[in-house]
Amino acid sequence: MVVTIIVFVLVFGVVVIAHELGHFLVAKVNGIKVLQFSIGMGPDIVKFTKGETKYVLKLLPIGGACMFEGEDGIYSTAPDGDGQNKEKPEGAFQDANVWSRIATVFAGPFFNIILAFLLSLIVVGFSGEIIPTVNALTPGYPAEAAGLREGDIITRMDGERIYLQGEVTFASSLSGGEPMEIEYKRDGQKYTTVITPKFSEQDNRYYLGFTIGETIQCKGFDLIRYSAYEVRYWLKATVKSLLMLVQGKLSANDLSGPVGIAAMIDETIEVTKPYGFPTVVLNMINFAVLLSVNLGVMNLLPLPALDGGRLLFMFIEVVRGKPVPPDKEGMVHFIGFVALMILMVFVLYNDIARFFIH
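Quick note: the sequence shown, position 340, residue 339 per our numbering, numbers continuous.
These are calculated hints, taken from the structure and not from any lab test.
In this text, all values refer to a predicted model and were calculated from it rather than measured experimentally.
Every residue, glycine too, gets a C-beta built ideally from N, C-alpha and C.
One or more of the hints may lead you astray.
Stated by the list, open to error - Keeping only pairs whose Cα atoms sit at most 25 Å apart, straight-line, the calculated DSS-like set for lysine-lysine is:
1) K27 to K46
2) K27 to K57
3) K27 to K53
4) K46 to K57
5) K197 to K184
6) K184 to K218
7) K197 to K239
8) K27 to K321
9) K235 to K184
10) K49 to K27
To be verified - Okay, the calculated beta carbon distance ranges per label pair:
11) T191 to M243: 25 to 33 Å
12) M330 to T214: 48 to 56 Å
13) K27 to T214: 36 to 44 Å
Using the sequences and the hints, build the whole thing.
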């Protein structure tokens, strides 16, 4: 358990630092004063000030924040002492032009995607990539009847371009039994067929009837290309999962918070431990790729208190030609923050109930 906690702190910490570093660096480039750069939540453990910024490490290893001068109409100094004086200190967030502010807010999620790509370079560089080559057909299932053969390479599913084994597995797992158009390549020629998945009573899900997977080593441009495909896959999987959640196709039990993430890390460590330390490390890096992409996408949702919510107000400003009053925007984000904290408590309870009570 101690090892799991240490790994969780390291993995989550790297992902959060990348996010906040994006905000921080782009703010600096645009002349926006950063009052505080903090990692974690709760009471302060370590803090120091360098230049105009206070750097803080907090007790709970979740979340982080970059606090800008004048954000939401709150200023660090004001002659009347109420933090609302109209004389803005230098480097105020609201004084920067709207596109500079948009870039500063967008940089957090964008840096998460950059981090995911850099980490994918490590994973793909050391372990290679698994491409969607058919390596076995299940007798009596529709893929065999549709004419697929061993060695065929899946290139599209229902019109979506396929590059990796994981994309085929993910698409297959989401199947509700509807016919799927499969494009594949054989001996350099492309073919198309339609496969209707077959339901398995034993597994309570649909199967196409083939297994795939061919590991290739990636060097040079292939390393860059397949690392980008890896990030693309996780982006696509995250967005589709969110849409399914909104549509009610996923339940609250499919959500995971810090406790759930720690439990998954612990399970991954236990499963991969017999294969040696390097395998454990690569799996943890791969887990960080997934987490970083998820954090980037989640923060772009147009909800109050998230980066996407702040971007929404700025794009409204672009359309209107003037900003929404900072105090009103700040109130919306405060309400959103409270709602987010309530959601986090719910997810925390759900995680504890799922992993430790049931």
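Report the numbers of all earlier hints that the structure fails to satisfy, in ascending order.
-> none
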